[in-house]
Amino acid sequence: NAGVTQTPKFRILKIGQSMTLQCTQDMNHNYMYWYRQDPGMGLKLIYYSVGAGITDKGEVPNGYNVSRSTTEDFPLRLELAAPSQTSVYFCASSYSRPGAKELFFGEGSRLTVL
Amino acid sequence: TQLLEQSPQFLSIQEGENLTVYCNSSSVFSSLQWYRQEPGEGPVLLVTVVTGGEVKKLKRLTFQFGDARKDSSLHITAAQPGDTGLYLCAGVEDSNYQLIWGAGTKLIIKP
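Chains as they are written, first to last, in the working numbering: chain W, 1 to 114; chain X, 115 to 225.
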């Protein structure tokens, strides 16, 4: 059982470049999330989705976009990368709303913008 | 802005010692979760507490939810090197369904 799979694991971008972080889950979870984790700062919610075709902004959405065309996939798009987007990005999924059920996380994608 | 404060931020102790880490807020939570994260991995759920005063045990780990549902603690008895990791608490406010995360406690258990 793969759970939540993220790709790539590591990426270096130049300022102004764009890229997509891929996330797929095989647990048929309705809820999916993108977080970023900076040292000493905990997890910050970027975007989330409660089902296919439905997305909403989290705490720090600026500079990012998402789509949810299927239950399984929830890609995160970075447009015009900036050094402030250097971080570790985690995709997560859950069966129901946050706090009621466990969040399952991917292994993370470490992004460096130079 | 809702804050969940974790303390201490960093703790390094010898194998066999006991320790307690704390998660505090000024707001009331409908539930609170504790996760452990190892280097290069995503967080993994340890426990969910939902009732004020609730105590849950997971082997040598004891979790407590405050009576007022504003704080929680994690106590580890006879810590082992395998307990090393980043411990994160996350709470859901009564008024919405977003998880609020603490910054974490980095725990190192030395053999």
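These are calculated hints, taken from the structure and not from any lab test. Here the structure is a predicted model, which is why all the values come from computation and not from measurement. Glycine is no exception: its CB is placed at the ideal position from the N, C-alpha and C atoms. Be careful, since some hints might not be right.
Lysine to any residue pairs mimicking SDA-like chemistry, simulated, CA-CA at most 25 Å apart [what the hints assert, rightly or not]:
{"hint": "1", "chain 1": "W", "residue 1": "Lys-44", "chain 2": "X", "residue 2": "Pro-225"}
{"hint": "2", "chain 1": "W", "residue 1": "Lys-44", "chain 2": "X", "residue 2": "Lys-171"}
{"hint": "3", "chain 1": "W", "residue 1": "Lys-101", "chain 2": "X", "residue 2": "Thr-165"}
{"hint": "4", "chain 1": "X", "residue 1": "Lys-173", "chain 2": "X", "residue 2": "Arg-150"}
{"hint": "5", "chain 1": "W", "residue 1": "Lys-101", "chain 2": "X", "residue 2": "Gly-130"}
{"hint": "6", "chain 1": "W", "residue 1": "Lys-57", "chain 2": "X", "residue 2": "Glu-207"}
{"hint": "7", "chain 1": "X", "residue 1": "Lys-184", "chain 2": "W", "residue 2": "Lys-9"}
{"hint": "8", "chain 1": "W", "residue 1": "Lys-101", "chain 2": "X", "residue 2": "Asp-181"}
{"hint": "9", "chain 1": "W", "residue 1": "Lys-101", "chain 2": "W", "residue 2": "Pro-83"}
{"hint": "10", "chain 1": "X", "residue 1": "Lys-220", "chain 2": "X", "residue 2": "Ser-140"}
{"hint": "11", "chain 1": "W", "residue 1": "Lys-44", "chain 2": "X", "residue 2": "Glu-207"}
{"hint": "12", "chain 1": "X", "residue 1": "Lys-171", "chain 2": "X", "residue 2": "Gly-130"}
{"hint": "13", "chain 1": "X", "residue 1": "Lys-220", "chain 2": "W", "residue 2": "Gln-17"}
{"hint": "14", "chain 1": "W", "residue 1": "Lys-101", "chain 2": "X", "residue 2": "Gln-178"}
{"hint": "15", "chain 1": "W", "residue 1": "Lys-44", "chain 2": "X", "residue 2": "Glu-155"}
{"hint": "16", "chain 1": "X", "residue 1": "Lys-173", "chain 2": "W", "residue 2": "Lys-9"}
{"hint": "17", "chain 1": "W", "residue 1": "Lys-44", "chain 2": "X", "residue 2": "Asp-185"}
{"hint": "18", "chain 1": "W", "residue 1": "Lys-57", "chain 2": "X", "residue 2": "Tyr-136"}
{"hint": "19", "chain 1": "X", "residue 1": "Lys-184", "chain 2": "W", "residue 2": "Ala-82"}
{"hint": "20", "chain 1": "W", "residue 1": "Lys-9", "chain 2": "X", "residue 2": "Arg-150"}
Between beta-carbon pairs, the in silico distance windows are [to be verified]:
{"hint": "21", "chain 1": "X", "residue 1": "Leu-117", "chain 2": "W", "residue 2": "Arg-77", "range": "28 to 34 Å"}
{"hint": "22", "chain 1": "X", "residue 1": "Thr-176", "chain 2": "W", "residue 2": "Phe-10", "range": "15 to 21 Å"}
{"hint": "23", "chain 1": "X", "residue 1": "Lys-170", "chain 2": "W", "residue 2": "Pro-8", "range": "34 to 40 Å"}
Margin query: With the threshold set at 25 Å, check whether the alpha-carbon distance from Lys-184 (chain X) to Lys-9 (chain W) stays at or below it.
Written below: Status violated; Cα separation ~36 Å.
Note to self: Against the 25 Å threshold, does the CA-CA distance of Lys-44 (chain W) and Lys-171 (chain X) hold or violate the hint?
What the structure shows: violated, 28 Å
Check: Taken at face value, is the distance from the CA of Asp-181 (chain X) to the CA of Lys-101 (chain W) at most 25 Å?
Finding: holds, 22 Å
Check: Quick one, are Lys-184 (chain X) and Ala-82 (chain W) close enough, alpha carbons at most 25 Å?
Finding: This hinted pair is violated, its Cα atoms lying about 37 Å apart.
Checklist line | 25 Å Cα cutoff - pair Lys-173 (chain X), Lys-9 (chain W) | finding: violated, 33 Å
Next item on the list: Assess, step by step, whether the Cα of Lys-220 (chain X) is no farther than 25 Å from the Cα of Ser-140 (chain X), and give holds or violated.
Entry: Given pair Lys-220 (chain X), Ser-140 (chain X) holds - Cα atoms ~23 Å apart, limit 25 Å.
Margin query: So if I understand the rule, the pair passes when the alpha-carbon distance is 25 Å or less; does Lys-171 (chain X) with Gly-130 (chain X) pass?
Written below: Cα-Cα ~18 Å, so holds.
Check: Could one say that the CB atoms of Thr-176 (chain X) and Phe-10 (chain W) fall in the range 15 to 21 Å?
Finding: Given range 15 to 21 Å: violated, Cβ gap about 37 Å.
Margin query: Check the hint pairing Lys-173 (chain X) with Arg-150 (chain X) against an upper bound of 25 Å on the C-alpha distance.
Written below: With Cα atoms ~15 Å apart, Lys-173 (chain X) and Arg-150 (chain X) stay inside 25 Å; holds.
Notebook entry, point to check: Going straight from one Cα to the other, do Lys-57 (chain W) and Tyr-136 (chain X) come out at no more than 25 Å?
Noted result: With a Cα-Cα distance of about 29 Å, the restraint between Lys-57 (chain W) and Tyr-136 (chain X) is violated, given a limit of 25 Å.
Checklist line | Given hint Thr-165 (chain X) paired with Lys-101 (chain W) - CA-CA distance at most 25 Å | finding: holds, 15 Å
Check: Does the alpha-carbon distance linking Lys-101 (chain W) and Gly-130 (chain X) stay inside the 25 Å limit?
Finding: Violated. Lys-101 (chain W) to Gly-130 (chain X) sits at ~32 Å, over the 25 Å cutoff.
Comparing the model with each earlier hint shows violations of hints 1, 2, 5, 7, 9, 13, 16, 18, 19 and 22; every other hint is respected.
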